[in-house]
Amino acid sequence: MGPADVEAVWRIESARIVAALTRFTGDFGLAEDAAQEAVAEALVSWPLSSPTSPAGWLMATARRRAIDAIRRRTALQDRYALLAADPVVDDDIDPDRIDDDILALMFVSCHPVLSPEARVALTLRVVGGLSTEQIARAFLVTVPTVQARITRAKKTIAAAGVPFELPPAGERRERLGGVLSVVYVIFTEGSTATSGDRLLSPGLAYEAIRLARTLAALQPDEPEVHGLLALCELTAARFPARTDPDGSPILLTDQDRRRWDFSAVRRGLAALAIASVRGLGPYGLQAAIAAAHASAPSVEETDWDRIVVLYEALGRVAPSPVVELNRAVAVAMASGPAQALAIVDELIASDRLPGSHLVPTVRGELLARLGRRPEARAELELAARLCTNQRERSVLLRKATALS
Amino acid sequence: MSQYMLIMRGTDETNAAMMANVDELMAATRLFIEELAKAGVYVAAEGLDDPGQGVVVHFGDEAPVVTDGPYGETKELFGGFFLLDVASKQEAVEWAKRVPAAPGSKIEIRRVPGEDEVPQDSGKFVKEGTLRESSGRI
Chain V
1 MGPADVEAVW RIESARIVAA LTRFTGDFGL AEDAAQEAVA EALVSWPLSS PTSPAGWLMA
61 TARRRAIDAI RRRTALQDRY ALLAADPVVD DDIDPDRIDD DILALMFVSC HPVLSPEARV
121 ALTLRVVGGL STEQIARAFL VTVPTVQARI TRAKKTIAAA GVPFELPPAG ERRERLGGVL
181 SVVYVIFTEG STATSGDRLL SPGLAYEAIR LARTLAALQP DEPEVHGLLA LCELTAARFP
241 ARTDPDGSPI LLTDQDRRRW DFSAVRRGLA ALAIASVRGL GPYGLQAAIA AAHASAPSVE
301 ETDWDRIVVL YEALGRVAPS PVVELNRAVA VAMASGPAQA LAIVDELIAS DRLPGSHLVP
361 TVRGELLARL GRRPEARAEL ELAARLCTNQ RERSVLLRKA TALS
Chain U
1 MSQYMLIMRG TDETNAAMMA NVDELMAATR LFIEELAKAG VYVAAEGLDD PGQGVVVHFG
61 DEAPVVTDGP YGETKELFGG FFLLDVASKQ EAVEWAKRVP AAPGSKIEIR RVPGEDEVPQ
121 DSGKFVKEGT LRESSGRI
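Protein sequence lines correspond, in order, to chains V and U.
Take the first sequence: its position 228, counted from the start at 1, is 228 in my numbering, and no numbers get skipped.
Take the second sequence: its position 109, counted from the start at 1, is 109 in my numbering, and no numbers get skipped.
Treat the hints as calculated values from the structure; they're not laboratory data.
Beta carbons: idealized from backbone N, C-alpha and C, even for Gly.
A couple of the hints might just be wrong.
[What the hints assert, rightly or not] Here are some of the chain U residues that sit facing chain V, going by a computed Cβ distance under 8 Å: (1) MET1; (2) ALA37; (3) GLY40; (4) VAL41; (5) LYS75; (6) SER88; (7) GLU91; (8) VAL93; (9) ALA96; (10) ASP116.
[Said to hold, decoys possible] Estimated spans, in silico, between C-beta atoms of each pair: (11) V:PRO116 / U:VAL22: 28 to 38 Å; (12) U:ALA63 / V:ASP96: 49 to 59 Å; (13) V:ALA75 / U:GLU108: 45 to 55 Å.
[Stated by the list, open to error] To give an idea of the interface, some chain U residues facing chain V are shown, with a C-beta separation under 8 Å as derived from the structure: (14) ALA39; (15) ALA87; (16) GLU108; (17) ARG111; (18) GLU115.
Pulled out of the complex, with its shape left as it was, chain V reads as follows (with noise of 0.2 Å):
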């Protein structure tokens, strides 16, 4: 078995040997490093020889590790306490006590104590599986960085003593919305690159959703949980439209519709209609948006009015300047570019998205349709200046000089 093997094996186990471990210790940061040995072990030895049960060996060789660490110490703490600590070897593992513990890892490595690029950095490597190198390569940042990242974060969790145990009940909303969040930051990065040369980096996008469908699987009575999954799936179906040969983003109202993918288009509808049940949540109704663009044909034949409401909903339920942004945009197409204008210079006059470039990128286009020729310029070419997305800022450039 050469790395890769050893990899996908672990991308299936890593969330449940790392939370049966810290079960078995006590200690989510030892137990995290035992199983990061095991693993290099496994690089070492599975190309020599091929274990029988894989999964079986990486979970044997991180408690082996767990035991030496917890020996290790208790020989430096206090000798008479090395029985005590002994860990009685406990094979059956329970299968609704491993679903709670991978839960209770999710919370642990979205704690809100922890930064927010530590959550991201520990979600994607704890309950993900994916390599400090992997992680550093999507978010493009350095591998030590991200160790840095990981290593302080396991230190804030021992620190602040976070337990290894689900939210009480009446934290445990909160706290999920906590971790759907970290999920989400995850998808948006990867469906919109904040920096660099790319638009999409669909393999942090296919995490999202991986993690997304496993809180599904785990939490199946929460409905923003399926909002969440209904919103990543819908936007990820437009991924194969999004991008021209060269890489280039091609705006919702110029992507070739035909090239969406439909099965991911259906698995969000169904995800949406399990989460409509009891009222859409903010996730829901960002959902509820993406599936009116999922179930129309073409821009004209989009049902904007139903947009609109959906987006004063959300303004609602989740006020924004972001959101309030989207409306604009909706009203526009729902009622003419006027009304439109008048919420993005109502945003403008609250300076509520401070140096962002969407801002001017929306009052540009809006400007433009208003026949508002030398003013839309300017904007597009102050959103040009504000956009870190090089492909996304080459888009507004070009829009710009098409105006003059």
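Since chain V is already given, all that's left is putting chain U on it; use the hints.
Chain U in isolation, oriented as in the chain V frame:
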């Protein structure tokens, strides 16, 4: 990441062995599918009815000819599939090793090309797109 289809290929003997313990197999398969779902890789799975109940349509130069049952001379029979969304071919292989299957049977692993890999005018693309254009809906 890609979708892979795990194609179950049995023989008359493995099918008979499976049918002898059908309840056990169904329970094991249900658990396996749950495991796939919890790992976030499950897309679809179906098992097929007894090949003896099937019908084969043969294409030649003339009109298609219909016969009952499987292809007589074929030793391996397509019995069902799992469709998985995994990170790599190796991961598809790892999952395939865990499928509850009768000794003697085989699983063939084939990649499903993504929408963005399908040339503009090929089968799947035209089928979906045209259907959608004519009906105006998914």
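Results for each hint:
no.: 1; hint: MET1; verdict: holds, 4 Å
no.: 2; hint: ALA37; verdict: holds, 4 Å
no.: 3; hint: GLY40; verdict: holds, 4 Å
no.: 4; hint: VAL41; verdict: holds, 7 Å
no.: 5; hint: LYS75; verdict: violated, 28 Å
no.: 6; hint: SER88; verdict: holds, 6 Å
no.: 7; hint: GLU91; verdict: holds, 4 Å
no.: 8; hint: VAL93; verdict: holds, 7 Å
no.: 9; hint: ALA96; verdict: violated, 11 Å
no.: 10; hint: ASP116; verdict: holds, 4 Å
no.: 11; hint: V:PRO116 / U:VAL22: 28 to 38 Å; verdict: violated, 50 Å
no.: 12; hint: U:ALA63 / V:ASP96: 49 to 59 Å; verdict: holds, 57 Å
no.: 13; hint: V:ALA75 / U:GLU108: 45 to 55 Å; verdict: holds, 52 Å
no.: 14; hint: ALA39; verdict: holds, 6 Å
no.: 15; hint: ALA87; verdict: holds, 6 Å
no.: 16; hint: GLU108; verdict: violated, 18 Å
no.: 17; hint: ARG111; verdict: violated, 14 Å
no.: 18; hint: GLU115; verdict: holds, 4 Å
Consistency note: the structure conflicts with the earlier hints numbered 5, 9, 11, 16, 17.
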